[in-house]
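**Q** Turn these sequences into a full structure, and let the hints steer you where they fit.
Same order as they appear, the protein sequences are chains A and B. Each residue of the first sequence is one higher than the one before, counting from 13 in our numbering. Each residue of the second sequence is one higher than the one before, counting from 87 in our numbering.
Think of the hints as simulated: they come from the structure by calculation, not from any bench. Fair warning: there could be bad hints in the mix.
[Stated by the list, open to error] Across the chosen pairs, the derived CB separations fall in these ranges:
1. A:GLN242 - B:LYS138: 20 to 30 Å
2. B:TYR290 - A:GLN243: 32 to 42 Å
3. A:ASN231 - B:ARG301: 17 to 27 Å
4. A:LYS103 - B:ASN198: 38 to 48 Å
5. A:GLY93 - B:ARG362: 53 to 63 Å
6. B:TYR290 - A:THR21: 47 to 57 Å
7. A:GLN84 - B:GLU349: 38 to 48 Å
C-beta atoms are modelled at their ideal positions from N, C-alpha and C, and glycine is treated no differently.
Single-letter residue listing:
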Amino acid sequence: MFSSLKERTGEVLLPGDEFSFEAEDTISLAGPVKPEKVVCGPGLRRSGDRLLVCKSGVLRHKQPNMFWVDSQQRRYVPAKGETVIGIVTVKSGDVFKVDFGGSEQASLSYLAFEGSTKRNRPNVQVGDLVFSQFLIANQDMEPELVCIDGSGRANGMGVIGGGGLLFTVSLGLVRRLLSPHSEVRSDLQQLFPCELVVGMNGRLWAKASTVQQTLIISNLLQSCDTMTAQQRRALFRRVAQGAL
Amino acid sequence: MKDTPLSNCERDFLLKAIEEKKRLDGRQTYDYRKMKITFGTDYGCCFVDLGKTRVMAQVSCELVAPKESRPNEGIMFFNIELSPMASPAFEQGRQSELSVKLNRQLERCLRNSKCIDTESLCVVSGEKVWQIRVDVHLLNHDGNLMDAASIAAITALCHFRRPDVGIQGDEVTVYSPEERDPIPLSIYHMPISVSFSFFQQGTYLLVDPCEREERVMDGLLMIAMNKHREICSIQSSGGIMLLKEQVMRCSKIASVKVSEITELLNKALVNDKKARKEGGRCGFAESLPQERITALKMEETSVEMTDATERAKDIVQKADARPQKVPSPVVPVPGVGQVGQGLQNTWGLEEDEDDEEEAEECDSGEEQEEAVTKMEEERHEKEASGEV
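**A** See the structure below:
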């Protein structure tokens, strides 16, 4: 199965495609062969002894044995450990209700901030932006967010300061921005200095030195979603020369 | 479902940007978004795109009894539906405040301005008049619903054709579109509404606000005007206080915008009329551009070919020898060619008569072999003449 998956990396798969264990034609005489383990990521689901594709997209592979289907969508489904940008909607007693673009609002306790105690409450108002990660995110329970990591440090999370603009893009662009050697990010770095917070629910917060530059960045990112790499580089070059 | 709440940072940024005279999509203060008007297949169906705001209007008519107070005038009925697909804030069936406000504004703009000649809609005074019904559906909400709805409604009314009616004494005949061409409504003028949004207690103003700008605005001024610079309706909401000069300035801007929009509207109507006359395919499905980003195109694709060569050889080996030459075509009558004799009929009826007929055909065929008219295969023709 590993080999059949490896063959089809980079191909477009549709829901309903399946991968099954092939019968081994040759018996290795060298000794007991360890069965190859395959780790399935999003878009692949195990059903009995077959592997089913449940989302349409491109099959990707990461060493040593991870496979997943890279699909495009705008609707966010919460997953544990992902960092998102949320908007505080209700402040009731000990808990804030945060809207992150999902089917229901998540809860964020006031104690889940770095350095906050019962006496020392964090300064969070209704309508503020918070950058936090999911502690509980499954379909049966209300999602829960926290602004600290496992060891109690903020690690970049918390309330996002004033200024700047919030806008939405597709989830695919967000993943491309966050990948280790992102081309989009390196193109953006050559334009002008800016602060960018990337939430995996498709929300981005950008802040540059002037209002005009912030508007340029937000329009660029929203439009380069569906462009090829060459078109994007051409567009960024035009902006850098001051055309727009 | 509730709409996404507006965060404080978005509100602050938008207000700051407006103070610096910058809009989110780079427009100037008085610019409209890109407007596109398309028509459906039926008369009276019109789609208007204002940026990402999308609206559809459909006009229909029916014969009803008139109102008692006005026995010789037709009836106009307007309805705006906020479809849930326009925004997550719209719920199906519930009459929200926004829907009541939009309905009221559209009625004032079109009905009270008397833009349609209702007396021409009368068929039999006191008994039968035409009821013209305009349904406007909002398909996508990205701000400035009122302008898009008013443009769609008046364009659909201009595009609509009602069935022709003939009156002979007491008899009234309504002709179907196939019997007699339907006739357009008589429209005096075209009122179009222009919306102005105000920020910071009336200090800054923007024309054609998008959805985000609508959320942070203080108040809205709607002016409905026609191209003859007559104001049909003017309404201010939000409770802001405006100075007289501001209102005058807005009305001047509105007259410029209305003349531009009326020109675009007329051009769209003329184009549609031309397309229909030429018999070209017109309508909603045809006007959608073919944006195929999902077409599968690969430089090379692998093809299953392992069995192909073997099967081809098998077929060639098993195939019989080439069939013999086709019998030469004969010409029983000039202009008719016959190749072969056809199969024996298997009905089993009237066998004697068929045999006689076949014998006759053979004779005539032989006689007319030489008199060959135009044939498809010259090769056979040469053979036939060679045989004889």
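**Q** Each hint needs a verdict: does it hold in this structure or not?
**A** These are the hints, each one checked on the structure:
no.: 1; hint: A:GLN242 - B:LYS138: 20 to 30 Å; in the structure: holds, 27 Å
no.: 2; hint: B:TYR290 - A:GLN243: 32 to 42 Å; in the structure: holds, 35 Å
no.: 3; hint: A:ASN231 - B:ARG301: 17 to 27 Å; in the structure: holds, 19 Å
no.: 4; hint: A:LYS103 - B:ASN198: 38 to 48 Å; in the structure: holds, 46 Å
no.: 5; hint: A:GLY93 - B:ARG362: 53 to 63 Å; in the structure: holds, 59 Å
no.: 6; hint: B:TYR290 - A:THR21: 47 to 57 Å; in the structure: holds, 54 Å
no.: 7; hint: A:GLN84 - B:GLU349: 38 to 48 Å; in the structure: holds, 40 Å
Going down the numbered hints, you'll see the structure goes against none, and every one checks out.
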